[in-house]
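Whenever a hint applies, use it, and build me the whole structure from the sequences.
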Amino acid sequence: MNDVINRVTHYLQELQDSICQRLAEEDGADFIEDSWQRPAGGGGKSRVLSNGTLFEKAGVNYSLVSGDQLPASATASRPELAGRSFQAMGVSLVIHPRNPYVPTSHANVRFFQAEKPGEDAVWWFGGGYDLTPYYGFIEDCQHWHRTAKDACAAFGDSVYSEYKRWCDDYFFLKHRQESRGIGGLFFDDLNGWGFERCFTFMQAVGDSYLAAYLPIVARRKDTPYGEKERQFQLYRRGRYVEFNLVYDRGTLFGLQSGGRTESILMSLPPLVRWDYDWQPDPGSAEAKLTNFYLKHRDWLAETA
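The C-terminal position of the sequence shown is numbered 304 in our numbering, with every residue numbered one higher than the one before it.
It should be emphasised that the hints constitute simulated quantities derived from the structure, not laboratory data. Please read all numbers here as calculations on a predicted model, not as lab measurements. For every residue, glycine included, the Cβ atom is placed at its ideal position computed from N, Cα and C. Keep in mind that a hint or two might mislead.
[What the hints assert, rightly or not] Only pairs whose alpha carbons sit at most 20 Å apart, straight line, appear in this in silico PhoX-like list of lysine-lysine:
id	residue 1	residue 2
1	Lys-295	Lys-174
2	Lys-228	Lys-288
3	Lys-149	Lys-288
[As the list claims (entries may be wrong)] Pairwise CB distance ranges, derived in the manner of DEER restraints:
id	residue 1	residue 2	range
4	Gly-41	Asn-191	16 to 24 Å
5	Leu-173	Leu-265	14 to 22 Å
6	Leu-265	Glu-302	28 to 36 Å
7	Gly-192	Ala-285	39 to 47 Å
8	Asp-298	Leu-245	44 to 52 Å
9	Arg-219	Asp-157	25 to 33 Å
10	Asp-275	Thr-200	44 to 52 Å
11	Gly-41	Arg-219	38 to 46 Å
12	Tyr-276	Glu-115	45 to 53 Å
13	Glu-115	Ser-284	52 to 60 Å
14	Asp-281	Glu-14	43 to 51 Å
In structure tokens form, the structure reads like this:
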């Protein structure tokens, strides 16, 4: 399986390079790189752009970690993996723009392999991407989902709808009965198509992220805004923090497996606020976010 690991890690490192290059070009600022090693095995490269003109914080992580056994979060629903050594590799990114009219975005692609002497290796792919607007626009939602659907098209007619539904269900704050954003794609435990097809699909998802996100950034980055919009952005970022710290599987896996805390928590925004029982004005753009945009919808069927 060494050839498999080498192929996947080569792609992931190239993906990190290409995404960072494009984001840096868009912003005009550079990423700083922090290479790290994990005492239990493996390491990674964290790249962070802070206080840019366009992006208040952008983090793009590559990691390849290994261990003698998977943490409890990975074996709770799959007890057959208990006692296996593992290698886990992936690229994970979160972009927090400065302008409230530009959405926050997240993407992740990953590969796991679990081994046990005398038994076949168990492997699977996972990943996806999702969009978290503060001020919604139907054309942005449609572009995001159309790009996601196009990435899935070669793999079956039902793939986009299945992974869109999974994304809607996954990025949901149960304690608030509220979606984190307008969704996208989410998949996990993917191995039923065979390695080559699964790997190709993971690459299709990873390669389509910038095509999904950058046109939205270009459309909204110069939109004028004031203190009201900025404070609403900071308030809604609180929901992002709540999800990542309470529900996110990647955060839980990273912390339980002894990963580097700074790299795991780079997904958190640099500034955020919580107001007690704050409510938007009825009929406002802020109210429309939760009343309309944060509902599970077939965005490709919506009309302006």
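The hints, checked one at a time:
no.	hint	verdict
1	Lys-295 x Lys-174	14 Å, holds
2	Lys-228 x Lys-288	15 Å, holds
3	Lys-149 x Lys-288	25 Å, violated
4	Gly-41 x Asn-191: 16 to 24 Å	23 Å, holds
5	Leu-173 x Leu-265: 14 to 22 Å	18 Å, holds
6	Leu-265 x Glu-302: 28 to 36 Å	35 Å, holds
7	Gly-192 x Ala-285: 39 to 47 Å	43 Å, holds
8	Asp-298 x Leu-245: 44 to 52 Å	30 Å, violated
9	Arg-219 x Asp-157: 25 to 33 Å	29 Å, holds
10	Asp-275 x Thr-200: 44 to 52 Å	46 Å, holds
11	Gly-41 x Arg-219: 38 to 46 Å	43 Å, holds
12	Tyr-276 x Glu-115: 45 to 53 Å	50 Å, holds
13	Glu-115 x Ser-284: 52 to 60 Å	54 Å, holds
14	Asp-281 x Glu-14: 43 to 51 Å	47 Å, holds
Hints 3 and 8 from the list above are not met by this structure, while the remaining hints are.
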